[in-house]
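For the record, the sequence lines run as chains E and X. So the first sequence is numbered by the working numbering: it starts at 1 and just counts up by one. So the second sequence is numbered by the working numbering: it starts at 1 and just counts up by one.
By construction, these hints were calculated from the structure, which means they are not laboratory data. Just so it is clear, CB atoms sit at the ideal spot from N, CA and C, and this is done for glycine as well. Mixed in with the good hints there might be a few duds.
Stated by the list, open to error - Label-pair restraints from in silico Cβ distances:
#, chain 1, residue 1, chain 2, residue 2, range
1, E, I122, X, A49, 19 to 29 angstroms
2, E, A14, X, I107, 33 to 43 angstroms
3, E, R158, X, D91, 28 to 38 angstroms
4, E, T70, X, K88, 47 to 57 angstroms
5, X, K72, E, F99, 40 to 50 angstroms
6, E, F71, X, S58, 32 to 42 angstroms
7, E, I62, X, I107, 31 to 41 angstroms
To be verified - Here are some, though not all, of the chain X residues that point toward chain E, as calculated from beta-carbon distances under 8 angstroms:
#, residue
8, T31
9, D37
10, G71
11, V73
12, T76
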Amino acid sequence: MKSKKIATYGLLVALAFILSYIESLFPLAVAIPGIKMGLANLVVITALYSMGVRDAFVLSIIRIILVGFTFGSPSTMIFSIAGGLLSWLLMTIFMKSKFFSFVGVSIIGGISHNIGQIIMAIFVVENLNLVYYLPFLLISGILTGAVIGILGAMIVKRLKKFDNLNS
Amino acid sequence: MQNAGTSCFSLTFADDNIKIYLLIIDQQEVTMIRKNDIILIAAILLISAGIFAYIFLSKKEGSELVITVDGKVYDTLDLNKDTTYTVKGKDGSYNTFQIKNGYADMIDASCPDLLCVKQKDIHYNHETIVCLPNKVVLEVINGDKNEVDMIAN
Chain E
1 MKSKKIATYG LLVALAFILS YIESLFPLAV AIPGIKMGLA NLVVITALYS MGVRDAFVLS
61 IIRIILVGFT FGSPSTMIFS IAGGLLSWLL MTIFMKSKFF SFVGVSIIGG ISHNIGQIIM
121 AIFVVENLNL VYYLPFLLIS GILTGAVIGI LGAMIVKRLK KFDNLNS
Chain X
1 MQNAGTSCFS LTFADDNIKI YLLIIDQQEV TMIRKNDIIL IAAILLISAG IFAYIFLSKK
61 EGSELVITVD GKVYDTLDLN KDTTYTVKGK DGSYNTFQIK NGYADMIDAS CPDLLCVKQK
121 DIHYNHETIV CLPNKVVLEV INGDKNEVDM IAN
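Let the sequences and hints guide you as you build the complete structure.
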């Protein structure tokens with residue numbers, strides 16, 4: 001691993017960590033389990049486009065574990081992991097398909113993060129009726145995903161001016 | 001936070017007005033948004049609208065409240081009898097809710113995020129209040145009114 005890559009990793013993990021902290025300071029008014037602003041997804045999607053699929057995965061997992069132990073608890077961590085993995089998987093598929101651009105991929109990331117959490121919640125409390133929250137999760141995922149996507153596209157565009165983070 | 005965010009956003013726009021335009025038009029580079037994304041958004045909105053419509057049309061008045069803890073039924077209450085009830089967990093955790101005029105609402109809990117207390121009161125069939133940390137679920141059902149064992153405390 002080149003030293004530049006190590007530095008980039010450290011920078012992005014720190015950034016994701018801080019964004020998660022900011023998010024924990026401002027809980028959303030809507031009290032539906034699974035809904036998140038997903039600020040940290042900004043870092044994951046930036047890594048997805050400027051570094052690569054594998055790096056985005058590693059960053060995402062490191063962030064979830066760090067945040068889980070500091071601001072959350074092991075019991076909330078399983079929801080983050082479910083959301084994080086599903087969101088990474090679908091964003092990767094949508095990005096590789098080249099069918100959608102930044103905002104589309106980001107929206108899929110936001111939605112699948114929420115859906116992953118609700119699927120986990122259904123297993124934990126063993127109540128299928130939680131799917132009734134689904135439309136709220138879809139719409140909130142569109143809104144947060146679009147904002148993150150627009151911001152992310154601006155960041156990646158600027159990063160390309162310097163050079164690829166991966167080099 | 002909001003202030004910093006907005007000012008930063010408008011700054012970038014003023015700075016880079018033309019570049020952002022290029023970003024949208026140029027498909028070889030990092031494309032921000034194009035037609036397929038709009039179609040995706042529309043499709044998701046349509047699906048949500050469909051589910052909303054289904055929920056709205058299948059909405060029925062509930063008659064009973066089922067309390068489950070960790071997937072097991074803890075108690076069943078009549079939604080038409082006003083009461084205050086506390087669900088006690090093994091590890092000292094608790095969830096207190098109130099039934100009033102056919103509506104059930106969580107009023108206090110031991111969980112750290114208190115999401116369950118913030119959730120709105122429930123009245124219709126299949127509506128739920130969930131406390132994930134304590135694994136407590138309140139669910140309205142349309143059960144038989146005769147078989148109710150009320151153990152209110």
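Item to check | CB-CB spacing for A49 of chain X and I122 of chain E relative to the 19 to 29 angstroms hint | outcome: 22 angstroms, holds
Checklist entry - Between I62 of chain E and I107 of chain X, does the beta-carbon spacing fit 31 to 41 angstroms? => result 39 angstroms, holds
Item to check | Per-residue hint verdict: T76 of chain X, partner chain E, C-beta under 8 angstroms | outcome: Since the shortest Cβ distance to chain E is 14 angstroms, the answer is violated.
Next on the checklist: 47 to 57 angstroms was suggested as the range; check whether the CB atoms of T70 of chain E and K88 of chain X agree with it.
Outcome noted: Given a distance of about 30 angstroms, which is not inside 47 to 57 angstroms, the answer is violated.
Checklist entry - Using the C-beta atoms of K72 of chain X and F99 of chain E, is the stated range 40 to 50 angstroms upheld? => result Distance hint for K72 of chain X, F99 of chain E holds at roughly 45 angstroms.
Checklist entry - Given a hinted range of 32 to 42 angstroms, is it respected by the beta-carbon distance of F71 of chain E and S58 of chain X? => result 38 angstroms, holds
Item to check | G71 of chain X as chain E interface residue, shortest Cβ-Cβ below 8 angstroms | outcome: 3 angstroms, holds
Item to check | Agreement of hint T31 of chain X with chain E interface, Cβ distance less than 8 angstroms | outcome: Because about 4 angstroms separates T31 of chain X from the closest Cβ in chain E, which is inside the 8 angstroms limit, the hint holds.
Checklist entry - Do A14 of chain E and I107 of chain X keep their Cβ atoms within the hinted range of 33 to 43 angstroms? => result 40 angstroms, holds
Checklist entry - Could one say that the CB atoms of R158 of chain E and D91 of chain X fall in the range 28 to 38 angstroms? => result 49 angstroms, violated
Next on the checklist: Let's test the interface hint: is any C-beta of chain E closer than 8 angstroms to that of D37 of chain X?
Outcome noted: 3 angstroms, holds
Item to check | Restraint check, 8 angstroms cut-off on beta carbons, for V73 of chain X near chain E | outcome: Not OK, violated: V73 of chain X not within 8 angstroms of chain E, min 11 angstroms.
Checked against the numbered hints given earlier, this structure breaks hints 3, 4, 11 and 12; the rest are met.
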